[in-house]
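S.K.: So the chains spell out like this:
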Amino acid sequence: MNSSRSRSVADVAIQQRGLVAAVPGSRAKVLDRLRLGDAAFRQLTRAAAIAVLVLLSAVMFSLVKGSIPALKAFGLGFLASERWNPVTENFGALPAIYGTVITSFIAMLFAVPIGLMIAFFLTELCPLWLRRPIGIAIELLAGIPSIIYGIWGLFVFAPFLQETLQPFLIDTVGNVPFIGPLFGGPPYGIGLLTAGLILAIMVLPFITSISRDVFEAVPTVLKEAAYGLGCTTWEVARNVVMPYARVGVIGGIMLALGRALGETMAVTFVIGNAHRISASLLAPGTTISATIANEFTEAVGDLYTSALIALGLILFVITFIVLAIARYLLLRIERRIG
Amino acid sequence: MSEMLPQSRYRGRRRRNATATALALAATAIGLGWLVLILGALLWQGFSGLSVAVFTEMTPPPGSAGGLLNPIFGSLILTVLAVAIGTPIGILAGTYMAEYGRYDVLTTVVRFINDILLSAPSIVVGLFIYEVMVAPMGHFSGLAGGVALAVLVIPVVVRTTEDMLTLVPNALREAATSIGLPRSLTITRICYRAARAGMLTGVLLAVARISGETAPLLFTSLNNQFWSTNLNAPIASLPVVIFQFALSPYKDWQALAWTGALIITLAVLALSITARALVATGKQS
Numbered sequence: 001m002n003s004s005r006s007r008s009v010a011d012v013a014i015q016q017r018g019l020v021a022a023v024p025g026s027r028a029k030v031l032d033r034l035r036l037g038d039a040a041f042r043q044l045t046r047a048a049a050i051a052v053l054v055l056l057s058a059v060m061f062s063l064v065k066g067s068i069p070a071l072k073a074f075g076l077g078f079l080a081s082e083r084w085n086p087v088t089e090n091f092g093a094l095p096a097i098y099g100t101v102i103t104s105f106i107a108m109l110f111a112v113p114i115g116l117m118i119a120f121f122l123t124e125l126c127p128l129w130l131r132r133p134i135g136i137a138i139e140l141l142a143g144i145p146s147i148i149y150g151i152w153g154l155f156v157f158a159p160f161l162q163e164t165l166q167p168f169l170i171d172t173v174g175n176v177p178f179i180g181p182l183f184g185g186p187p188y189g190i191g192l193l194t195a196g197l198i199l200a201i202m203v204l205p206f207i208t209s210i211s212r213d214v215f216e217a218v219p220t221v222l223k224e225a226a227y228g229l230g231c232t233t234w235e236v237a238r239n240v241v242m243p244y245a246r247v248g249v250i251g252g253i254m255l256a257l258g259r260a261l262g263e264t265m266a267v268t269f270v271i272g273n274a275h276r277i278s279a280s281l282l283a284p285g286t287t288i289s290a291t292i293a294n295e296f297t298e299a300v301g302d303l304y305t306s307a308l309i310a311l312g313l314i315l316f317v318i319t320f321i322v323l324a325i326a327r328y329l330l331l332r333i334e335r336r337i338g
Numbered sequence: 001m002s003e004m005l006p007q008s009r010y011r012g013r014r015r016r017n018a019t020a021t022a023l024a025l026a027a028t029a030i031g032l033g034w035l036v037l038i039l040g041a042l043l044w045q046g047f048s049g050l051s052v053a054v055f056t057e058m059t060p061p062p063g064s065a066g067g068l069l070n071p072i073f074g075s076l077i078l079t080v081l082a083v084a085i086g087t088p089i090g091i092l093a094g095t096y097m098a099e100y101g102r103y104d105v106l107t108t109v110v111r112f113i114n115d116i117l118l119s120a121p122s123i124v125v126g127l128f129i130y131e132v133m134v135a136p137m138g139h140f141s142g143l144a145g146g147v148a149l150a151v152l153v154i155p156v157v158v159r160t161t162e163d164m165l166t167l168v169p170n171a172l173r174e175a176a177t178s179i180g181l182p183r184s185l186t187i188t189r190i191c192y193r194a195a196r197a198g199m200l201t202g203v204l205l206a207v208a209r210i211s212g213e214t215a216p217l218l219f220t221s222l223n224n225q226f227w228s229t230n231l232n233a234p235i236a237s238l239p240v241v242i243f244q245f246a247l248s249p250y251k252d253w254q255a256l257a258w259t260g261a262l263i264i265t266l267a268v269l270a271l272s273i274t275a276r277a278l279v280a281t282g283k284q285s
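Those sequence lines, one after another, are chains A and B. Numbers 1 to 338, taken from our numbering, label the letters of the first sequence in order. Numbers 1 to 285, taken from our numbering, label the letters of the second sequence in order.
Any given hint could be a false lead.
Just a sample of chain B residues kept apart from chain A, beta carbon distances all over 10 angstroms, derived [what the hints assert, rightly or not]: (1) P62; (2) T229; (3) L278.
Now the in silico label distances, taken between C-beta atoms and shown as ranges [what the hints assert, rightly or not]: (4) A:Y227 to B:L43: 28 to 36 angstroms; (5) A:R238 to B:G180: 55 to 63 angstroms; (6) B:S248 to A:S81: 31 to 39 angstroms; (7) B:G180 to A:E334: 30 to 38 angstroms; (8) A:V54 to B:G63: 17 to 25 angstroms; (9) A:L109 to B:R16: 48 to 56 angstroms; (10) B:T108 to A:E224: 47 to 55 angstroms; (11) B:P61 to A:G37: 53 to 61 angstroms; (12) A:D38 to B:L167: 34 to 42 angstroms; (13) A:L76 to B:P61: 28 to 36 angstroms.
Hints in this document: simulated from the structure, not taken from any laboratory. Using N, Cα and C, we set each Cβ at its ideal position, and we do this for glycine too.
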């Protein structure tokens, strides 16, 4: 190895390709070959980069192609219909869309304030030695596969809610006019509310870690200036840090929303898979991803399969839009931070 | 009265600050509390079912004892397959973005699309592979499952490869070019070596990501109750078995599901901690 180092790099490169660099004529040939290899490698990497684009287009194309029979049969009414009857082959996406939106909304309702407060704690209040361990713990929480949340939700969280929170809600809030029907009916344990809460736990780490990163990127000078004026810690966080970091935080929230909308396993275990729209949040429902996960392998008939693929297409389009907005906002804040 | 006002206003601000601090503490306690609750339940339920039989016996029919050997093996095969397919594509694409076209329009577009693929719903990937592989082939197969997971590996590897190659100092590239090294060799011999730890981290993170993925496997590799190494046939995998067993009414199946969940979680945690350590040592050297 030492002897080879003293020689020129081109020679080493040539030798490692199993060629001898003794004859000048063959040396030119080898250099030609290197040039060719260079161009080939460049094109290879370019092709791989383009493959990523092709991949996304292929996903979109195959979903559209697969959902054509269902869209032909039901038209735009597919989006608005509440029916889901595999026997008569009559399908509508509304209950699944409703469940997806409601569970994600519940998740955001809880995860956003809690996530922001944790980020506030981590960046402004937490003693320095504790920041790293808590930060790591929250990132580990983000790495736990969703099926773990699902199995925990099914065996631990849903029975717990059935015995404690849900009877309590039915007895108290259930009797309040206007919002009462939201908490009516028997306590099933599983249902929209349970799924939403599990989702909240799942997306909490995403919101926390992104908000923490953008909070940390706020220039110290700004914070010191505010402290210098006599602001309290909370006032600095509320009036200086959060406005400065707003775009990034919204980006993080949209990213978490994208996850929540498309999440399958954590929801499928606890949603109950009932194709109906109930007034009560405690009732079983379904989401787009849970419907596909539960029914796709058992779907008989082209129309049934196609209806499920059409659901997948709707999900993909919704999450694509949400994620695109998220990435755009995060890109903006990245540029500003530099 | 007018002298009291600033005093009470100050007290109000102090009180609001104290309330916010308390809320932040409570939020952190809640966040970490869930982690403890989930891991606690997992350890409690998972360890009680953990035994040698789990690693040596096949999945049982309901009502009899058994293990998780075939799904563990299946998951390993699918993971290896996904990494073997996804990593080269991911690394090459990341290489183009960091080395050749750092300021290209193509790179900007690919980066944007890749970031979306990174968090796209994995069940949609399952549908996609069903459409392009399972339906034309006419049957579910381990190969389709591996490809589905590879689709999830690619964006993770692209992202980390690009980030890590961007961190390689330009002086290294200039030095290599100045002694006459062609571009492709500069990249493969110099840049890859400098970014090795980071790129390996990307692969580890990708493995962590796919090892718990269930949704894309449900209708690609399906499931198999028996020992199978045939990639052209349905193959068992841990997540799908957990899904099936946890939703079954049989107690011993549910216990096995918990044990499987524990195995996956430990594997994922070990992978992420290794990746983290790799990044830390990479930064030091």
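S.K.: Now tell me, hint by hint, if it's right for this structure.
M.R.: Consistency of the hints with the structure:
With a closest Cβ-Cβ approach of about 18 angstroms to chain A, P62 (chain B) is found to remain outside the 10 angstroms limit, as its non-interface label requires. Even its closest Cβ contact with chain A, about 22 angstroms, leaves T229 (chain B) beyond 10 angstroms, as expected for a residue assigned away from the interface. No beta-carbon of chain A comes within 10 angstroms of the beta-carbon of L278 (chain B); the shortest separation is about 15 angstroms. Remark: the range hint 28 to 36 angstroms for Y227 (chain A) to L43 (chain B) is contradicted by a beta-carbon distance near 43 angstroms.
R238 (chain A) and G180 (chain B) have their C-beta atoms about 59 angstroms apart, which keeps the hinted 55 to 63 angstroms range intact. A hinted range of 31 to 39 angstroms holds for the C-beta pair S248 (chain B) and S81 (chain A), which are about 32 angstroms apart. As the Cβ distance of G180 (chain B) to E334 (chain A) is approximately 37 angstroms, the hint placing it in 30 to 38 angstroms holds. Checked against the given bound of 17 to 25 angstroms, the beta carbons of V54 (chain A) and G63 (chain B), roughly 49 angstroms apart, lie outside it.
Between L109 (chain A) and R16 (chain B) the C-beta distance comes to about 23 angstroms, which lies outside the given range of 48 to 56 angstroms. About 36 angstroms separates the C-beta atoms of T108 (chain B) and E224 (chain A), a value inconsistent with the hinted range of 47 to 55 angstroms. Hint check: P61 (chain B) to G37 (chain A), Cβ distance near 57 angstroms, so the stated range 53 to 61 angstroms holds. Distance hint for D38 (chain A) and L167 (chain B): a CB-CB separation of about 23 angstroms, inconsistent with the stated range 34 to 42 angstroms.
One distance hint, 28 to 36 angstroms for the beta-carbon pair L76 (chain A) and P61 (chain B), is violated here, with the actual separation near 47 angstroms.
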